[in-house]
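Engineer: Going down the list, the sequences are from chains A and B. To convert, note that position 102 of the first sequence is 102 in my numbering; the numbers rise steadily by one, no gaps. To convert, note that position 493 of the second sequence is 1493 in my numbering; the numbers rise steadily by one, no gaps.
What the hints contain is simulated information worked out from the structure, not anything from laboratory work. Watch out, some of these pointers could steer you wrong.
Straight line, CA to CA, 30 angstroms or less: simulated BS3-like cross-link-like pairs of lysine-lysine [what the hints assert, rightly or not]:
1. A:Lys195 / A:Lys246
2. B:Lys1657 / A:Lys2
3. A:Lys246 / B:Lys1657
So the derived list for chain A, only partly shown, Cβ under 10 angstroms to chain B, looks like this [claimed, not checked]:
4. Glu10
5. Leu231
6. Gly245
A short list of chain A residues far from chain B (calculated; beta carbon distances all over 12 angstroms) [as the list claims (entries may be wrong)]:
7. Glu33
8. Arg100
9. Val104
10. Leu107
11. Glu152
12. Ala189
13. Pro200
14. Thr214
15. Ala220
16. Lys223
17. Leu224
18. Ile280
Keep in mind the model is a prediction, meaning the values are calculated, not measured. Don't be surprised by glycine CBs; every beta carbon is placed ideally from N, CA and C.
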Amino acid sequence: MKGMVFDLEEFAVYDGPGIRCAVFLKGCPLRCEWCHNPEGLSPLPQRVVTQSLCAHCGQCRAVCPTPQGCTACGACVPGCPQGCIRIAGQLTEHEEVAARIRRVAPLLAMNGGGVTFTGGEALMQSDFVLAVRRALPDVHACIETCGYAPKEDFLRVCREMDLVILDIKLVDTALHKRYTGADNALILANLEALKASGIPFRVRIPLIPTVNDTQENLEATAKLLTDAPQLEKVELLPYHRAAGGKYASLGMAYRPSFPENIPPRADVEIFAKYGIKAGIL
Amino acid sequence: MSNLDQERSYLQSGAHRARRRELSPQRWQELSARIQTPSLTLPRRAALRLRLFLEEETIVRRPGERIPCWRTLISFPDLYAPGEKEGLQAGHYIHEQGRVCNISSDWEGALRDGLLPRRDRLCALLAQKEGDADYLTSAIACIDAVLAYADRYEWQGLSHAVRHGARTYEEALQAFRMLHFCLWASNVYHNTVGRFDQFMFPYYQADMEAGRLTPEDAQALTEEFFLSFNRDSDLYSGMQQGDNGQSLMLGGCDAQGNCAVNALTGICLTASLRNRCIDPKINLRVTRDTPLELFERCTALTRQGLGFPQYANDDVVIPALIRWGYAPEDARNYTVAACWEFIVPGTAMDIPNIGAVSLAKAVRDAIAAHLKDSPDYDTLFARVKAELTARADTLEASVKPLWMEPAPYQSVLMCDYSHDISQGAKYNNYGIHGTGFADAVDQLCAVKKYVFEQKTLCPDALLAALAQNFEGAAPLLHLLREDAPKLGRDTECLPIADALLDAFAGSWEGRKNERSGIFRPGTGSAMYYLWHAKDLGALSDGHRAGEVLCANLSPSLLVRDAGPLSVIQAMARPGLPRVMNGGPLTLELHDTVFQNQEGMTKVAQLVRSFIQLGGHQLQLNAVDRDTLLDAQAHPEAHRNLIVRVWGWSGHFVQLDKAYQDQIIARTSYTI
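My request is simple: use the sequences and hints to build the entire structure.
Structural biologist: Structure representation (structure tokens):
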């Protein structure tokens, strides 16, 4: 079967144990203000223009079949003399993705790694994720997810993974809704389901200055995790100012409402207090 | 601030340069006249020049310093009267500056025995009229000049060490500095440091056992010693600032092949980490069994962005050198020349960079001339082989007769010092770089796929597009740049890569140079990645005229999405042993992967994997592309930004723009 893939990274070092390949799947149900992978948001292909290379020669407009609006058809890509246009998001056969990973699988295994499905939100293409995963039965597999998916889908995929990395961004429902555009009830319910499932998991918190790096939020998160023996650790991901770097090439604007300049508070002690292993990525 | 911190900031400030001077025009004239005395032979002139240079030098002392020698003379007269050199060199092949370079001395013997036993033996040979009297007399005079200069320091330990051999680690460091400084003064260049942790270990060990030295003091001494390489290095410029050959090798095995990593190995890594200076450039010999912990320590060094250590794999280098005729104990003692060429200290007068073959151009020319009349890919590839052979014929014929300036002082520091090293040594092999390997492979892959297999591209259309530099052929350019198979990304390139490596190796196999040495092809590019790109024109892989080639053994710069795992798998070719002159896989990793211990461990694992796959040599850069771009725009804000260039590290802002651009382009396949 086919999935909408926007990248395959070969040396992912912060997406699970060992040296890993990360499969980036397009489409996400959340709209986190700090998202650093804007090409992962829409489930559809998108045109990406590297602005620094563009000579504004107009060749792309000359060949465009739909000047009234871009459909990411890709007609302009081969015609660009600067080679600065690409289409993010390609319908890819699951076997093609699996083949690329299989090629380096010995290296992944030698170094305690494997494959990680991420995005976007990988669960938006759960059948595809499972198809790739089943084509690689001997490869350590991991999913990185925001947890915003129907519980059945969530568990169905998680059960076939060796490790789940679940984002818990904000515990407060109102704040979650404000900063990610969605309610977190589903996510917190899935966390409970994951805890009950016995599947090994990690929790990841992107630390956004003033948004969720508060004592209150971190403490609330820690409390949710005290009764999960198969929780490997909590990973804190401090916000990086480069997050907005890709927006312009997609014709999008990056407008965070939080103060970007303040380094987020990365307090692992709060978790230690609750007997939870935590580290900063 | 500690004494060492003060020295570090003193050097960084450049304040020491205020002590430098140029000779007055009158003094220059006087000295020139003495050195260039027509009746003196070149070896005698070289000895006299060294003596006068050292006599003219000012002894500089810094409070509390334990390592001698600061160069104060910016320049000094040459051996030749105007026009004389041209006459001597006429009709000869001149390698670079025409001087001995890119070799490593017998530091082990020189530090152990001092110079007096060598002097005695030279005197005995002279008395017995064995050998060239001119050389012997000059070599003795060089020794006397160096001893006299050392004595001006009035450090008893130093004077003893250079005469009779070092007794302590401190004396050994002082003696090394003195002897090495005098090498630069004697006008040879790219004289490498060699296997420092091996030849220094006996002194360190004896001091520790006798309780004369604490680990802290050994660390501080080593750091001060390492700093001393940066006192004068700006005066020793090669192709670009930073290309000065002060390369140092760590680790590896002993003469019997046993692991020889020792306490000094770690002390040196820490010293380099703390100093944050370009020199000495650190290399590390590893094997498939090297513990991950050592790779991790080295990764910490990589993280600080100096572009080293560079790794060499004993598992593949040593057997390859033995196959080329090096004695096993010599092969096991290998080190690197200025960049990455594998050489043997003390016994070799190899010229590991005597020439270069543009593999990219050879393939281009074969395609241009024979694509139309080749019925199949194999026929075309046979033409490529013929091109390589023709280039080897031309290059072989062009590097003789070799002329090299006598170097009596450098000769004194070799294992066999009975004759001038410029005349040759136990090993006299020539190294040949192969430039643009990936670009060559990619051209062949594209032609094979689209012209011969799919038959979707007709030879005329391709050749016309190449002639027009792809003007008006944007879709074809896109196909070749973006969709065509690329080495480092697509496995279908690997058989072609193997065949090309084999053909390159075969084109040199069995040839002998005029010194009875062999030719050693390699995967290095040095500055040829720019030079060979100049008149290259457009290539069948979508390379446009004027674009630079890949450095060393790396994917083409056109590849944007080659992951590091595919790259290391692609570059660990089984055919490497036949092209073992040296030339590393150059990987650029984004500096974010180094941000914590987890990332560092994984980088160390990546390096180890390349070694375990049978890769021969690897250099890693931690690069932040934005920083490089900013440094290009605002050099004043990035004076201390250091990057790996081709086999050495240099200050980014001091590089010519073409080199800066190539490094920025290389970051395109960072993760």
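Engineer: Now look at each hint and say whether the structure bears it out.
Structural biologist: For each hint, the structure was consulted:
1. The suggested pairing of A:Lys195 with A:Lys246 is violated, with an alpha-carbon distance near 35 angstroms, which exceeds 30 angstroms.
2. Distance restraint check for B:Lys1657 and A:Lys2: the Cα-Cα separation of roughly 45 angstroms exceeds the 30 angstroms cut-off, and the hinted pair is therefore not satisfied.
3. Note on A:Lys246 and B:Lys1657: the hinted pairing holds, with a Cα-Cα distance of about 27 angstroms set against a maximum of 30 angstroms.
4. Annotation: interface hint on A:Glu10 holds; nearest CB of chain B at approximately 2 angstroms, less than 10 angstroms.
5. Interface restraint check: A:Leu231 against chain B, minimum CB-CB distance 18 angstroms, threshold 10 angstroms, status violated.
6. This hint holds: A:Gly245 has a C-beta 9 angstroms from the nearest C-beta of chain B, less than the 10 angstroms allowed.
7. Every CB of chain B is more than 12 angstroms from the CB of A:Glu33 (nearest about 21 angstroms), matching its label as outside the interface.
8. A:Arg100, annotated as away from the interface, has a beta carbon of chain B within 12 angstroms; the closest lies near 9 angstroms.
9. Look at A:Val104: its CB is around 4 angstroms from the nearest CB on chain B, not clear of 12 angstroms, so calling it non-interface is violated.
10. For A:Leu107, the condition that its CB be more than 12 angstroms from all CB atoms of chain B is violated, with the nearest at approximately 5 angstroms.
11. With a closest Cβ-Cβ approach of about 33 angstroms to chain B, A:Glu152 is found to remain outside the 12 angstroms limit, as its non-interface label requires.
12. The Cβ of A:Ala189 lies farther than 12 angstroms from every Cβ of chain B, with a closest approach of about 30 angstroms, so its non-interface assignment holds.
13. The Cβ of A:Pro200 sits about 17 angstroms from the closest Cβ of chain B, beyond the 12 angstroms cut-off, so the non-interface label holds.
14. The Cβ of A:Thr214 lies farther than 12 angstroms from every Cβ of chain B, with a closest approach of about 23 angstroms, so its non-interface assignment holds.
15. Annotated as non-interface, A:Ala220 keeps its C-beta farther than 12 angstroms from every C-beta of chain B; the closest such distance is 26 angstroms.
16. Every CB of chain B lies more than 12 angstroms from the CB of A:Lys223, the least distance being 26 angstroms, so the non-interface label holds.
17. The Cβ of A:Leu224 lies farther than 12 angstroms from every Cβ of chain B, with a closest approach of about 24 angstroms, so its non-interface assignment holds.
18. Look at A:Ile280: its CB is around 7 angstroms from the nearest CB on chain B, not clear of 12 angstroms, so calling it non-interface is violated.
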